[in-house]
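Two chains, two separate frames, one set of hints: put the complex together.
Now for the letters of each chain:
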Amino acid sequence: MKFIHGADMHLDQSFEGLGKIPEELSKALRKQNQQALETMVTRGIEEEIDFLLLVGDTFHQPQVTIQTQSFFIEQMERLKAHDILVILSFGNHDFFQPKKYWFEFPDNVIVFEDEQVSTLKINCRDGLTTAVTGFSYTERWLEDSKLEEFPYRNGQVDYHIGFYHGQIGSNRYGSFSLDAAKFKGYDYWALGHIHQPQVIQYNPLIIYPGSTLKHTQKEKNSGYFVLAEFDGAKTDITWETANDVAWLEVQIEVSQIYTMQELISRCEQTMAEMDEEGLTFVKLVLVDGSEQLNDIMQNIQNRQELLHLLQQDIYQKTNKKNWIFDIKSVQGEEKPDMTLHLDEDLLKQLLSNYEADGVFQEAINDLYRQSTSAQLLSVTEEHREELLQRVMTEFQQLFAAKRGDQ
Amino acid sequence: MRIKELDIIGFGKIVNQQMSFSDEITLIYGPNEAGKSTIYHFIREILFGFPRKKSSAADYQPKSNALYGGSLIFSHPQYGEVTVTRIKSENGGKALVKVADGPEGDDEFLQKILAPLTRELFDDVYSLEQSQLNDLQILGEDRLQSLLLSIGLTGSKKLVTEQLRFQKNMQEIFKPRGRNPLLNQLLRQYDELKNKIVEKEQLEATYQQQIIASQELHQTIQETQQQLDGEREKLAKINKQLKQLPEWENYQKLKDTIRVTNKELDEQDVKVLQEAYQRFNLLLEREREIHEEQLRYYGDVESPKFAFFLNNELRFQEFLSEKSEMEELNQEKIVIERLQGSRKADMESLREHLGIPAIDKNFYPMNAEAEEMLALAQKETSIINHRKLYNDRSEQLKHDKEQAGKKQISRREQRSLGNFLPLLAGVVFLALGIVGLVMKTAVVGIFGLVSAVTMFGYYGYFFLERRKNYDEGALQLKTIDREISDLEHKMNLLAKDAEGLEQKKARLSERFQFNNEHTIETWLNELNLRHRLFDLTEQYTSGTEKMIELQGEMDVYRQKNLWLSEWFKVEEEDFGQLLIQVSNYIYEMQEKKQAYVLENSGKLQIVETLQSIKDKKKQLSEEYQPLLNHYGLHDIQSVPTLVGEYQSFKKMVSEAQLTEQKLEDIFDLEKVYKHSQLTEQQEQLASQVETHQGEIEQAQEKYESMKFSIQKMASDGLLNDLYQKEAGLKDEINQLQSEWIVQKLLNSLAQDVQDFLGTQQFPALLSTCASFFKELTVNAYEDCFFEDGYLLVRHQSGQVFQVKELSTGTRDQLYMAMRLSFVFLNSEEHLAPLMIDDSWLHYDIKRKHSLFKVLKRLGESVQIVCFSSDTELADYASKEAIETLSL
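These protein sequence lines are chains R and H, in that order. Take the first sequence: its position 173, counting from 1, is numbered 173 in full-length UniProt numbering, and each next residue is one higher. Take the second sequence: its position 738, counting from 1, is numbered 738 in full-length UniProt numbering, and each next residue is one higher.
For reference, chain H alone in the conformation it holds in the complex (with noise of 0.2 Å):
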């Protein structure tokens, strides 16, 4: 492709501006800021499409109101003239193609023309500028190298760049010995996971041996608890057996009484015997029978009184057997009666002796109580002595302190009256003195003068004396006032003394009635005629008991007897009276039966019936007696005896047999019990019971939690969880595994892809690039070439540079010499024209000819675009006819 026209309609400070291309190099020219890169953008955008609103590239949206775009126009050697344009206004930016003769297209279209030629590629390959060297200041070597090659051999950096990209990828993803790449922390994670499952995993494995361990358990428990059974069952038995042991023993002693008994009763004999016993009772029924009808036919016809002896001769009889008892009772009765009346008469008199007035109250003081009294009684005693010793000191004392009182009153009338006597007495004779004297009576004069002066003497004297003695009766009776109050202090406290004493008094004084106002020692003296009213009331009482049985015993014989009311008062009458009643009247008749019997006996009748009933007695006593003898008894009338021990003894046999049903299930009746041999196995038993219940119970609870633990396992879903995560994890790492695989094989396949075309292309472009290499360095550097995988350059001088040792310029112009060679190498498909900026602005003038010489060379093949500041160049374009275009 190669561009014919620019029609810039609106397009940054361009308005309106034609402009056309040669088809092998055009210069345009104008100085900074003229609008050079303006038409570089131009020429991009109208084939490529304005950039994006939010995109970073500079806005060439123009200042005026014009239309923002225009149309440029290019040959293409399949479609020939295009023409293309793009206004930002219409049609939505896109592009308007036109083919000459042919048909109209859109961007789509475009895109067809130009293929492969893309924005990307134009911008990589097709466009020279200076930014581009900038990267070259800052690579190490190799990197300068590969950076190198790569734009020799695919025209631009991309394959370098991407390689790096893939590098950077792998690394971010793993890294051998990394830590933080996602494929290390995912790893990490793995392994971490991993040790979970297989920690779950073994504990999953103990299941079985849990199982294995639960139905063991369960087994002991089941056989335990089969053994508990038996015991308790046993125990159960044993329980019954000590319960029911005195039964057992009942039972045991039965059997041997039994089978004592046994040796002892035949059947056959007692049956016997009591037939015998029979006819006998027969006979003697007979023999009563003939007796009684006989003597109550005479009885009623003699008088009713013997009727009711005979035909109550029997009672009587028996009446007279318990009279002596009856007696003894009435004697004794009548003895407690007499004793009862004296202690009474006794108790009496003491009471009002002693002056108790309820006696069936408390009176007599028991040992406590008597001890405290006996204590009472000397504290009593000394409060009395000690009152009466205070009352009598207080007697002295007030009697003292009157007589002292009065004493000391008469003092101070003595000293009142009798003071001045000898004084006046003075003075009488002092005036009779002087009067003497003056009268010049020498005698008189000096006799007064002397007695005055003894009577002055004496007053003086007795002043003296008189004042002392007042003195003392005042001190004396100060003494006694204050013995008085300590006395009064002191009864006081006596007062308190006999206060409290008075109240433990009256307390006693009340509960055992005594006389308050006499003292405890009386009490105390009282108190064995108190103890004998005691012991007096206690017999009394017993007494009165005494006769109440006596009278309950009475009572039974009268109720008894009553069967005597008919002809004795045997409710009313006095007891021993009655009894003396009764007897007589039994003498009275038995000697009126006595006499009537003899009387009427003589009758043969009856002796004849009497007598041969008599024989048979005999006969039949006399039949049975070795056999009565074999049992021991005396006369056939004990048969009954030997029934009754017949049929006990059966009742036994009856009994034993109840009893040997109600055992057997309890007891074997083949073996011994003893209580304490019972009783030791009880214990045993009980304590097996107990222990083998806390083995199940505790068992038990363990079996639970193993059943519980078990059950959790069986619904723990944690390692099936835990798979899940792994096979997540999993998943994840294998899908960055293969990740890294890919970039890792992008970077090797950049890698074979440089390293191909360096085999083939290397050749050509070596020599392509050395050539360009020794036109743009002015012959300076003679060569470039390849050795042991570095691309070096040869000076001039022989001297060998790796690329890094070269100077900047020098090393740009390596640079462009790569560039150029690519395109050069490439110009046949002509894709589209190289736009070359001014690179050069520091080249030297010779330098800045010979790039411009390669420029032009090249144009030959690949249309050129170049983009120029430079008036030297200016003038090297005009000079050479290179078309310019002047902005």
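The shape of chain R in the complex, shown without the other chains (with noise of 0.2 Å):
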């Protein structure tokens, strides 16, 4: 028995963090979306597979556009001209509602509809069985876990798959739990829903293979399915790539760097010593900075205009391979005295004050009161955190003053 197992497909999805691209770029993007299932699929002709598994959220958007599943369609249409089959769950990005999808599947597609558990069974090439047992989202949460539902091992088959989108632990995503799940007895768990590829377990296997494609700097470990062999007692595991998409955080030294000239010649020429493969997004770190360069990077505007700038003329210059989506400038690791006198920790109370929910929110009041500005914001705990953490930071360079090497 061989398969494929992906998830995450988020087919639909934009990449997230890249700024204002070019028309140019977007239509790459698009076409990077296409290529990692492209990529699955063609893999799964060349392997010879006898089923391949996507785990739910395989479309992005809660209305799932129709070139996306017209390509879709296609996709699979290739798969059933090599009798291979396809089971497809939907997750909380695309819970299923049937008015959504606008095409028919082909007839190779098995789709869990529903989100009652069910199990199909399947012949394969090498003459033995397998049961699969899963299930579908059909609205955003799941509060319940599914597993209790999850029947024990078909004894009348050789092999069990388990087909299950959701997350670890007590949460809305169907409260998936390693103990239950090995008490099924079931060979392979097919887990969908965590962006990060993951080997859970390895007996029996439990395995998330992570989002197919790196659509935010979170997931630039992610880009991979998984191919799996079974031949009685033995079974491989091999990770496949989808995608070379690549996100990195270039550091640059520009301490001997006073103008802005100069700053992007080096820039230029640190970016076109890299040597990735494929789509490269680069968040570039000046490291140490001059006085006269911090100042210019403190002015938002010029460090905007610096960025679109930048964005422009390494993406050309690069053969369209490397798109800068964010700069930022620090100093050295070692922290500055203050010129003030404060020390850091009182710093770091009066900034304290602003963890708190209320303040915080009074704090940037403003943002909200423009209606799209609102709509947009979107202020985590971890996201103000970060933002708490850069105030100190930049607080701190502003009047610090330079201590030497102890």
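Be careful, since some hints might not be right.
The calculated DSS-like cross-link candidates involving lysine-lysine, where the alpha carbons are at most 30 Å apart (straight line), are [what the hints assert, rightly or not]:
#, chain 1, residue 1, chain 2, residue 2
1, H, 379, H, 333
2, H, 157, H, 774
3, H, 774, H, 240
4, H, 4, R, 20
5, R, 31, H, 305
6, H, 856, H, 4
7, R, 20, H, 651
8, H, 112, H, 94
9, H, 194, R, 320
10, R, 348, H, 4
11, H, 614, R, 317
12, H, 200, H, 158
13, H, 651, R, 328
14, H, 496, R, 27
15, H, 175, R, 328
Derived from the structure by calculation, the hints contain no laboratory data.
Spelled out as structure tokens, the structure:
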């Protein structure tokens, strides 16, 4: 038995965190989305797999665009031509509502349409049989664990696979439990939902293949799918690369740079030396900038202009392979003394006031006074901490007196 | 840190100079341009480095050839005595730092030693100069307040200026009601984009509807197509039916005939009769054979001529039966031949009479031409008449002219001859009279005179008369001449008409073979005869045709009877003659045969045989008579007719079967078809087919366009692009929002810091500041205090003022008090000496003294370096034993 296990493809998700990108890049990105699925299908055909498992969140938008659906169907047809089955469920993003899907899935695609757990049997090329038990989301949340509804291992088949889009622990995403899963006696648990690829457990295999595409910087470690082969007692797991988009942080030492022009050519030079394979999204970190440079970078408009300029410049000069999505400057690791007669603890204390919800909201109230801004503003706790840390650092830098090594 | 000594090698205008500083207060005194600020900058640059070339700072590169730089010794609580040497041309302008009994180092080491003192801090906190006061002039109360407090609390205005920067940044990023800040612009763009997306999404939502609609349409098309196919099939069938309808009708007739005939003809009867007929025929044959054999035998013996007759008796009988027709034919031919002869003679004589050269060409004008001829004849007659008239008149005129000419000539002669006679006589008589008178013969004289007078009178009268006649004659001649010319003109016109007429006439004459010399009138008169000739030719032609026809018929007979050639000249002989010859021969031979039969029929054997055959024939006839009667036949000889009927009936049946096979695919043979009905159905179906076809075409077109639009939607990546754009824009917005939040928090934090410092250090700051302020204003102001968030000062009079209300000088003093307070309160750290230049120049002497008192007191805790060009101050310093360096 041979199959591919993929999940969280988010086919129609846009790449996030890139800023205003040129049309051409936008097209290239759309291609990346398609390429990931194409690669998966092509590999499946090459490897003559028995079936392809897509464990939820194949689509990202609440309303899937026609083009994306059409493309997806096209790829499924490719598999059909090689007698490869596709087992598809819907996750919390693409939770199943029949109205949303305008195309008819070809008959090699078996869809778990229901929240009700069900099991299907598949005959493999090697003459063995496997059962796949799974379900779909029909709403954004799945409050209860579905594991209880999963039957115990079917004695009449050679293998039994669990098919589960959910999050480990107690949560609103199907509350998956390792212990409960273990009791079912399955051979393989094909999980989806978590975007970081990881093998949760080896016996039995419980795997999150992670998101197939690195749509955001956070997913910089994903971009895989799992090729699994069961041959008697032998089990073989290969992590296959779906896509070679990369998110990188590139540090540039700029202590000897005093003008914008020097900075730009330095960035160009550094980027020209990069040798990433595919499309690469880069965050430039300018380390140890001179006073002049820091002055320039402190002005928000300057920084914005610099970013836009570098984005276009580097994109064109690196053969449309690299896109700068952020630029920031940091000082060396040493912590400066304050010229103000304040110690760091005091400053931290003052700043910690803003950790309280009300205070923070009050402080940023203006942003809620514009409707679109209010609508788009979403500051998670994590993000808030990040912001406060930035404030701390910047404040210290502004009122810092450099101290030599002790 | 306290500065101990300076060793200036070369800096600005100062070359090779050393100076040492007091730990407390040192006054550097010198007039303007003496180099006070040079020293200040020397300290600054040795400690913090030379300015970069690009910087706008003053250039202290010495004008002389001296090295640029020097060294500075300071004491440090931790490092002890530190010597810093910095020379521009050496070591790249980097510092060389020496610690007493300790390590050496470079700039980095120096920074470590000086920390947290930086150039910035040195400038902001430890340098007090005139220019800083300028800021105070332009600020409003609030800003002034926060500036003073910030200075008091942090020693510099940086917190305030940074705060301003944060605020400015915030404004640049976002204003809740703004349009131009970056975030506002992006938000607007986002709104626009979102609208586009919604629009596009709605459009895509119609996709499913479109698919359903297209499927329905497809269904409809297929249904209509089926219907259409059915109709087409029907139509094709009807078309075939229409085409085969005559055959169907024939078939129907055939069937009727068969039905009717079938009743009358019984197959068995026919068979029986046929057998009977055969038997009867055998008998007949036998009888004939006996006859023939017998006759031939005897005929041969008698003569070949007779034998020829006997052998061909049947043919001769047939000949006889056709004889009358042939004779008629011959008769007719003879009549026509005669007629043709007379016609031909008539035609010839008429042709000659009319003088027509070719009779086979046109000679008889029909209606249109005849009418034209009538018109032309009138015209011709008129022309001839006129011509005659004109000619006569012309003759007459010629004659008249001749006569008149003659008369005139004679008149002219008369005038010349006769005229002079009376005149001559008169002269003679006059002479006679005169002679008479002279001769005194009165009578003669008087007679002569009277006669002379008479003669002269006579002459006069006749002279006048003649002259009158001559003139009249001339007039007459002229009239005749005019008439002649008129006439000539008319004749010319007539000639032209005649010419036109001649042309037409020539054409007609050529066409119809008229004699061109005759008048048309004559032609018209000929017309009856020509008509007659025309009729004759026609009759002659049809006669000829008839002759040919008769000849053909005769030839048929000749051909038919070629067998006679043995005895007759069938082809050569005249037909009539031939008829007579053959007829005579037949009669002769018939007689001969009669005689011969009579002569030889007595022979019993033959008679018996013949008789028995006759009996059998009769018997057979009688036997079958009822059956024959049943079928309406007179005798057994007619049986072949019945058989023929029967066979044609059978043929009809098989034909009917064949037709049925052929038609049963096309027609429902049980039904009745009518041409009109079929045509009607055909038309109806054709129109239905056309309608449905049109419908299908239309629907197909619509379906194609729908399919195209569906495909286009399926391959349209616009929405995905828009989503990507939205994601990008959202990122930018979120980034700017974060940026704004950071700026906002920085601003708040700066405020918090100020507030905190305020609460912590405020009481100490205020009391120090108040005491300094009181001292500096020589007790004019007693206090400064904080009330309702405002810094206020109290005059010794008890009056309270806001900062802005103070005079410029007092405000400067308050600023000074604040700065000094901060330095004083933080003096324990000994970060740097306070460098102060003569910002007090406009103070009065009292105040200058009080400032120096304050400085001196401050000098106990902080090293102070004072730059001044104030002589009063120099005096004061020497009095107070303050260390002074004079430049």
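Here is how each hint holds up against the structure:
{"no.": "1", "hint": "H:379 x H:333", "in the structure": "violated, 50 Å"}
{"no.": "2", "hint": "H:157 x H:774", "in the structure": "holds, 23 Å"}
{"no.": "3", "hint": "H:774 x H:240", "in the structure": "violated, 132 Å"}
{"no.": "4", "hint": "H:4 x R:20", "in the structure": "violated, 59 Å"}
{"no.": "5", "hint": "R:31 x H:305", "in the structure": "violated, 123 Å"}
{"no.": "6", "hint": "H:856 x H:4", "in the structure": "holds, 18 Å"}
{"no.": "7", "hint": "R:20 x H:651", "in the structure": "violated, 98 Å"}
{"no.": "8", "hint": "H:112 x H:94", "in the structure": "holds, 15 Å"}
{"no.": "9", "hint": "H:194 x R:320", "in the structure": "holds, 28 Å"}
{"no.": "10", "hint": "R:348 x H:4", "in the structure": "violated, 39 Å"}
{"no.": "11", "hint": "H:614 x R:317", "in the structure": "violated, 136 Å"}
{"no.": "12", "hint": "H:200 x H:158", "in the structure": "violated, 52 Å"}
{"no.": "13", "hint": "H:651 x R:328", "in the structure": "violated, 113 Å"}
{"no.": "14", "hint": "H:496 x R:27", "in the structure": "violated, 101 Å"}
{"no.": "15", "hint": "H:175 x R:328", "in the structure": "holds, 24 Å"}
Comparing the model with each earlier hint shows violations of hints 1, 3, 4, 5, 7, 10, 11, 12, 13, 14; every other hint is respected.
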